[in-house]
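What follows is each chain in one-letter form.
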Amino acid sequence: MSEMEIKSLEERFNQRIANDEKIEAKDWMPEKYRKTHIRQISQHAHSEIVGMLPEGNWITRCPTLRRKVALLAKVQDEGGHGLYLYSAAETLGISREELIEQLLSGEAKYSSIFNYPALTWADMGAIGWLVDGAAIMNQVALINTSYGPYSRAMIRICKEESFHQRQGYEIMMALMNGTQDQRDMAQDALNRWWWPSLMMFGPRDAESPNTEQSMRWKLKRKTNDELRQAFVDQTVPQAELIGLRIPDDKLKWNEDRKHYDFGDIDWEEFWQVVNGHGPCNKQRLEARRKAHEEGAWVRDAAMAYAEKQSNKPLRVAV
Amino acid sequence: MKDWPLWEVFIRSKNGLEHRHCGSLHAADAQMALENARDVYTRRSEGVSIWVVPSAMITASQPEESAELFDPAADKAYRHPTFYVLPDELKHM
Ligand SMILES: [Fe+2]
Ligand SMILES: [Fe+2]
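Those protein sequence lines, which keep their order, are chains S and D. Read left to right, the first sequence gives residues 1 to 318 (my numbering). Read left to right, the second sequence gives residues 319 to 411 (my numbering).
Please note that a few of the clues may not be correct.
Stated by the list, open to error - 16 Å max Cα-Cα, derived EDC-like pairs, lysine to aspartate or glutamate:
1) K159/S to E364/D
2) K320/D to D300/S
3) K320/D to E97/S
4) K320/D to E101/S
5) K26/S to E382/D
6) K320/D to E98/S
To be verified - Far from chain D by the CB rule (all over 12 Å, computed), these chain S residues:
7) W58
8) L65
9) L99
10) Y116
11) R156
12) P203
13) E207
To be clear, the hints were calculated from the coordinates, so they are not data collected in a lab. Glycine included, each C-beta is placed from N, C-alpha and C at the ideal position.
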């Protein structure tokens with residue numbers, strides 16, 4: 001294809017997105033659109049998968065059966081979210097094998113929040129309430145993104161997320177209605193998860209060079225700072241309602257802006273964790289690698305069985 | 319390790335409605351594809367029936383060719399009821 005032809009294809013492509021048309025897998029798309037989407041969708045998928053680890057770790061230690069079935073269902077949902085998203089990424093021409101390989105080799109990124117440890121039961125409350133709360137904020141904004149398979153995955157995911165946040169808040173609420181020790185435990189969890197949750201929205205707009213392009217492709221509908229502000233505004237009253245204190249001395253309602261002002265994020269820490277030096281980066285990847293290696297014989301056995309069965313007739317659908 | 323084959327999943331949400339494409343998944347064989355589809359796509363009773371089809375078995379039209387492919391339908395307004403001009407007094411037709 002000549003440069004001229006590509007240019008006119010690109011113009012038409014941009015026009016389609018501007019008109020709110022969706023792009024589907026087999027449609028022509030600029031190489032950069034494809035690459036950026038593979039990267040973002042797969043990072044999102046990896047985050048769902050790695051995100052199962054801090055919570056999965058607590059399933060056997062839930063205080064009641066009610067909490068246990070809820071946490072089990074939530075972690076199972078996150079696994080499902082990872083699968084929807086891997087499938088969406090694969091429509092762009094990358095294989096599942098490559099995607100997993102990128103995660104396990106450490107080449108691919110996933111949300112930094114999952115590199116923090118879940119130390120107490122109250123962390124299950126804080127994660128559901130804050131981490132899923134922040135994820136919902138990001139994901140709702142993506143429902144109208146331009147790439148069809150990504151947008152459809154987001155619709156399913158958002159439908160499933162809302163119980164995640166509610167069960168987390170309910171855990172915090174129960175602890176705040178409990179003994180002094182339980183209230184302290186809830187406050188301690190909020191203290192540790194608050195700032196990492198604000199970091200989930202990514203660097204400040206001024207330091208986020210891809211924002212403009214992503215906005216044009218509707219891969220972002222709101223900027224990092226706008227989403228972060230919306231999250232703070234939404235969460236502060238929720239904390240107050242159950243008697244929790246947000247660990248930020250600068251947090252204050254601003255009557256002129258009609259938003260909360262809040263303190264400075266430790267960006268040093270953010271980049272440390274992104275670049276692999278968070279408290280659990282190593283541990284998380286090792287857990288994924290171990291699961292992958294120890295599951296290899298199951299995958300091989302299933303394939304061998306399928307080959308053996310392939311001569312037998314299938315049940316016909318209609 | 320090679321990937322398990324890819325399957326397309328279609329779900330009938332209730333009797334009376336058609337099966338609708340809802341996504342895809344990897345599975346070693348058809349039986350596993352059905353079971354995985356149940357776990358991945360119907361955790362909240364979203365379906366009463368599932369079809370799984372090997373993705374490789376689907377023949378798809380190409381977007382580049384859709385202009386020619388669908389062109390024959392574009393200029394046939396007489397296939398639509400509003401093409402026929404009838405008096406206003408005539409109700410319900
Ligand atoms: Fe999720
Ligand atoms: Fe979630």
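Right, here's what the structure says about each hint:
Distance restraint check for K159/S and E364/D: the Cα-Cα separation of roughly 12 Å lies within the 16 Å cut-off, and the hinted pair is therefore satisfied. A threshold of 16 Å between alpha carbons decides the hint, and for K320/D with D300/S the separation of about 9 Å falls inside it, so the pair holds. A threshold of 16 Å between alpha carbons decides the hint, and for K320/D with E97/S the separation of about 7 Å falls inside it, so the pair holds. A threshold of 16 Å between alpha carbons decides the hint, and for K320/D with E101/S the separation of about 12 Å falls inside it, so the pair holds.
Distance hint between K26/S and E382/D is fulfilled; the C-alpha atoms sit about 9 Å from each other, no more than 16 Å. Simply put, K320/D and E98/S have alpha-carbon atoms about 10 Å apart, close enough for the 16 Å limit, and the pair holds. No Cβ of chain D comes within 12 Å of the Cβ of W58/S; the nearest lies about 20 Å off, and the non-interface call holds. Distance check on L65/S: its Cβ is at least 19 Å (rounded) from any Cβ of chain D, clearing the 12 Å threshold; non-interface status holds.
With a cut of 12 Å on Cβ distances, L99/S falls inside the contact zone with chain D, its closest approach being about 10 Å. Even its closest Cβ contact with chain D, about 27 Å, leaves Y116/S beyond 12 Å, as expected for a residue assigned away from the interface. The beta carbon of R156/S sits about 8 Å from the closest Cβ of chain D, which is not more than 12 Å, so the claim that it is off the interface is violated. For P203/S, the shortest C-beta to C-beta distance to chain D comes to about 32 Å, beyond the 12 Å cut-off, and the non-interface label holds.
Every CB of chain D lies more than 12 Å from the CB of E207/S, the least distance being 35 Å, so the non-interface label holds.
The structure does not agree with the numbered hints 9, 11 stated previously, though it agrees with the rest.
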